[in-house]
Amino acid sequence: MNVKDKVYKILPKVSKPTRYIGNEYNSVHKNANDVDIRFAFCFPDLYEVGMSHLGLKILYHLLNSREDTWCERVFAPWVDMEEQMRENNIPLYGMESFDELKDFDFLGFTLQYEMSYTNILNMLDLAGIPKLQKDRTDGDPFVVMGGPCAYSSECLADFVDYYMLGEGEEVMMEVMDAYAQWKKSGAPREEYLRAVSKIEGVYVPSFYEIEYNEDGTVAAINTIDETVPKTVRKRVVEDLDKMFAPDEVIVPFMEVVHDRIMLEVFRGCIRGCRFCQAGMIYRPVREKSPATLVENAKNLLKSTGFEEISLSSLSTSDYRGLKELTDKLIDMTESECVSLSLPSLRLDSFSMDLMQKVQKVRKSSLTFAPEAGTQRMRDVINKGITEEDLMNASTMAFEGGYSSIKLYFMIGLPYETLDDVRGIGDLSKKVVDCYFKVDKEKRGKGLRVTTSVSSFVPKAFTPFQWARQNTMDELRAKQQALKENITDRKIKYNYHEAPVSVLEGVFARGDRRLSKVLLKAVERGIRLDGWSEVFDYDKWMGVFEECGIDPFFYTRERSFDEILPWDMIDVGVKKSFLIEEAKRAEQGIVTPNCREKCSACGAACFKGGVCYE
Amino acid sequence: MSKYRIKYERSEDAKFISHLDLMRTMNRALRRAEAPLQYTQGFNPHSIMTVALPLSVGITSECEYLDITFKEDVHCKMFADKLNSVMPRGVRIIEIRNADDMRAFKYIDNAIYTATFTSDVAPDCKAFADMGEAVMLKKTKSGEKEEDIMPDIRNLNCESSGNTHTITMHINVGSSRNLKPELVMSAFEKFQGIKTEDLRIHRKTVFFNDGTEVF
Chain A
1 MNVKDKVYKI LPKVSKPTRY IGNEYNSVHK NANDVDIRFA FCFPDLYEVG MSHLGLKILY
61 HLLNSREDTW CERVFAPWVD MEEQMRENNI PLYGMESFDE LKDFDFLGFT LQYEMSYTNI
121 LNMLDLAGIP KLQKDRTDGD PFVVMGGPCA YSSECLADFV DYYMLGEGEE VMMEVMDAYA
181 QWKKSGAPRE EYLRAVSKIE GVYVPSFYEI EYNEDGTVAA INTIDETVPK TVRKRVVEDL
241 DKMFAPDEVI VPFMEVVHDR IMLEVFRGCI RGCRFCQAGM IYRPVREKSP ATLVENAKNL
301 LKSTGFEEIS LSSLSTSDYR GLKELTDKLI DMTESECVSL SLPSLRLDSF SMDLMQKVQK
361 VRKSSLTFAP EAGTQRMRDV INKGITEEDL MNASTMAFEG GYSSIKLYFM IGLPYETLDD
421 VRGIGDLSKK VVDCYFKVDK EKRGKGLRVT TSVSSFVPKA FTPFQWARQN TMDELRAKQQ
481 ALKENITDRK IKYNYHEAPV SVLEGVFARG DRRLSKVLLK AVERGIRLDG WSEVFDYDKW
541 MGVFEECGID PFFYTRERSF DEILPWDMID VGVKKSFLIE EAKRAEQGIV TPNCREKCSA
601 CGAACFKGGV CYE
Chain B
1 MSKYRIKYER SEDAKFISHL DLMRTMNRAL RRAEAPLQYT QGFNPHSIMT VALPLSVGIT
61 SECEYLDITF KEDVHCKMFA DKLNSVMPRG VRIIEIRNAD DMRAFKYIDN AIYTATFTSD
121 VAPDCKAFAD MGEAVMLKKT KSGEKEEDIM PDIRNLNCES SGNTHTITMH INVGSSRNLK
181 PELVMSAFEK FQGIKTEDLR IHRKTVFFND GTEVF
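Residue numbers (the working numbering), protein chains in the order written: chain A, 1 to 613; chain B, 1 to 215.
Bear in mind the hints are in silico, worked out from the structure with no lab data behind them. Be aware that one or more of the hints could be misleading.
Pairs of lysine to aspartate or glutamate, EDC-like flavour, derived with a Cα cap of 20 Å [to be verified]: (1) A:6 x B:95; (2) A:9 x B:13; (3) A:302 x B:81; (4) A:13 x B:81; (5) B:7 x B:130; (6) A:13 x B:21; (7) B:71 x A:67; (8) A:16 x B:148; (9) A:9 x B:182; (10) A:30 x B:182; (11) A:13 x B:198.
What follows is a list of derived Cβ distance ranges for each label pair [to be verified]: (12) B:36 x A:387: 44 to 54 Å; (13) A:88 x B:160: 22 to 32 Å; (14) A:439 x B:97: 55 to 65 Å; (15) A:241 x B:42: 35 to 45 Å; (16) B:154 x A:337: 41 to 51 Å; (17) A:452 x B:150: 28 to 38 Å; (18) B:205 x A:1: 26 to 36 Å; (19) B:133 x A:308: 47 to 57 Å; (20) B:205 x A:89: 34 to 44 Å; (21) B:205 x A:291: 36 to 46 Å.
These figures come from a predicted structure and were not determined experimentally. Where is the CB? At the ideal position from N, CA and C, for every residue including glycine.
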């Protein structure tokens, strides 16, 4: 029986079977005999999460635009499906062809968040492909990785053949060309890795050897020989208007997390918040022109039938073409009965007006992210927002008829005191007070302020990459202190569970020695850590103990002169800039955004975007 | 404004799509085909679509129907072709007719299904019918209750070839009485000990209460 028949037999027994069947409109079906390269785009989480991911949509259609390549999709199965697959000896398969992954040339994993790493190993296990890079031989697929976490996922170095760092639109085509050539030549496996290691943005970890000091820190990062680059610089696309952007995307049967057209208005962020990894690694800011976006939106509407468009970027209010774009999109959406959904915008008269125009439906809630409760803390993290800004915005929202506001904060930030934590409660209360100051006639009924608090995880390539992460006890104490400070019943207080954040922090700044922890974890049945109903902290701690590795070695404070496990990677932003920013954070000095004043972070090396505006 | 009735089939590739997901899928396909959809007024405009007899997940069908309101007339054959060119695999438009003068779906009353499976024991339709009653646990909105399903079985026919068997069942469906074909199969398991392997249930024909086929 072939894989498809086997799968169809077990599907009546699992929840949400459409996760596993493919065949959606705009999915690409080719004849396997007509192509040279078979690429499995593997998203290490569930279908509905992966199908909301813009990178997948872009790279899937980009790879399929090649005549010699067929790219298919693979997602992590949910618990019930995995159980059925293992019980019935069904290997993990490509969703388009139902061919097993062993038959592919590439498995490409995108690394979006640390808590998906176990899913990668579990997927390799389900596919019956050797997990360790050194165990894969002729005939096995190459396992490649990319995405934002690829810059600092040394804990996966033993499993990956190579990483693609930065934006994939160009480098992906180059490594495929190199593959086609290598395949024709019949040269040994290593020759292909040699060839791609010469392509900018490609990092082949097996060509690097790490030496450690007695205290466990990195002593040296050595290349195996002179031909291997000492550092690998990420790739960026210089001109987004000329970049590949698909004019059709897959239309899922089931409702996915973002079930709509996503227009990527720009990449990067001018803000430079010190906790934010995305704000650093995607530099420099590069915009798409409204004309490109409108054209793309038109084509996507026609090819998909979606009834909603949203704008996507790290901070859409900073898009200089926002007025022009939204004017044009509103015209278009009205005539086609499409709704335009706006991301959370900085509140001013323009955005209020825009929301009025777009929002035909009942006024829902507005979201603000002050991130910290006191001005001192906001200066530390370089979040350029004042209490006055928030009060003005809240007043404007309430006067505009809104009655529900969501506030996002973090706890566990560097230099944070309990007073700063309590400040979150005080600030939330002030938003409540704002509401009652607004004329009864104007404001909406039924005030609700939702204060959501997450735990800060220090990330590589940020000014806080040297910072000590708060322990679980510290985080819980802060959560409790805040809970006691929020007495107003109009405020709903939510917080994230601390254990996941702690583990995320371990892998976010880990080194290669963690690979054996990941292996052991998957052996013990650990996976789907992003799902609270599956996540098991105690089980994880047992695995660390079994491996003789102290997880808290990775959450400790590091000194500026320590060699970091990811020092072979160059994201453009220089270490010296990050150190400077870390020092300014300690002193609470804010740094202007990229458009106010260039701080010479280093991203100008990419020769484009905001650095040359 | 005109109402159109679309007859379509759902084959193996589309049998795991839930009813709600299929509605969304059809809606998006209609938009791709640039159908002159009439939208409801109000805060949340949506198209005016009714699907006859929602199909259970896992069942294929050659007689699915949906009614859709257009703000202007279309050429049925041409529009059916256009719609087919933008359908996902597994769903195929068979025919479109103007439905302004057609009977509403609420008059749907009975349907024919086939169930094909392998089993070492052959089903015996005559023996089944001769039981006179077949009390089964039926899931309803208010919970589970025991009920005789025999009155809702109009006709049963069994055919076997080796250990592959097909039961053709004509049963009551719709808003007044509704029997699910899966439950008939459970009854065969309960009363005749038939453990089905590789069961495939398929909807063949749907009738109104006056005995006419929908079309």
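Hints and how they fare:
1. Taken as a hint, the residue 6 of chain A and residue 95 of chain B pair is broken in the structure, with Cα atoms around 33 Å apart against an allowance of 20 Å.
2. Of the supplied pair hints, the one linking residue 9 of chain A and residue 13 of chain B holds, its CA atoms being roughly 13 Å apart against a limit of 20 Å.
3. Proximity of residue 302 of chain A to residue 81 of chain B is assessed by CA-CA distance (about 17 Å); at most 20 Å being required, the pair is judged to hold.
4. Straight-line distance between C-alpha atoms of residue 13 of chain A and residue 81 of chain B comes to about 36 Å, which puts the hinted pair past the 20 Å bound.
5. Distance restraint check for residue 7 of chain B and residue 130 of chain B: the Cα-Cα separation of roughly 36 Å exceeds the 20 Å cut-off, and the hinted pair is therefore not satisfied.
6. Between residue 13 of chain A and residue 21 of chain B, the direct Cα distance comes to roughly 19 Å. Compliance with the 20 Å bound is thereby established for this hinted pair.
7. The straight-line distance between the Cα atoms of residue 71 of chain B and residue 67 of chain A is roughly 42 Å, outside the 20 Å bound, and the hint therefore fails.
8. Distance restraint check for residue 16 of chain A and residue 148 of chain B: the Cα-Cα separation of roughly 31 Å exceeds the 20 Å cut-off, and the hinted pair is therefore not satisfied.
9. With a CA separation close to 16 Å, the supplied pair residue 9 of chain A and residue 182 of chain B stays within the 20 Å bound.
10. For the hint linking residue 30 of chain A to residue 182 of chain B, the alpha-carbon distance of about 36 Å lies beyond 20 Å, and the restraint is violated.
11. Among the hinted pairs, residue 13 of chain A with residue 198 of chain B is consistent with the structure: their alpha-carbon atoms are about 13 Å apart, no more than 20 Å.
12. Residue 36 of chain B and residue 387 of chain A have their C-beta atoms about 53 Å apart, which keeps the hinted 44 to 54 Å range intact.
13. For the hinted restraint 22 to 32 Å between residue 88 of chain A and residue 160 of chain B, the CB-CB distance of approximately 27 Å keeps it satisfied.
14. With their beta carbons about 57 Å apart, residue 439 of chain A and residue 97 of chain B fall inside the hinted range of 55 to 65 Å.
15. Against the hinted window of 35 to 45 Å, the Cβ-Cβ separation of residue 241 of chain A and residue 42 of chain B comes to about 39 Å, which satisfies the hint.
16. Under the hint 41 to 51 Å, the C-beta atoms of residue 154 of chain B and residue 337 of chain A, about 43 Å apart, fit the expected range.
17. Between residue 452 of chain A and residue 150 of chain B the Cβ separation comes to about 57 Å, which falls outside the hinted range of 28 to 38 Å.
18. Take residue 205 of chain B and residue 1 of chain A: their Cβ atoms lie about 31 Å apart, and the range 26 to 36 Å holds.
19. For residue 133 of chain B and residue 308 of chain A, the Cβ-Cβ distance of about 52 Å falls inside the hinted range of 47 to 57 Å, so the restraint holds.
20. Taken as a hint, the range 34 to 44 Å holds for the pair residue 205 of chain B and residue 89 of chain A, whose Cβ atoms sit roughly 39 Å apart.
21. A C-beta distance of roughly 53 Å is found between residue 205 of chain B and residue 291 of chain A, which places it outside the suggested range of 36 to 46 Å.
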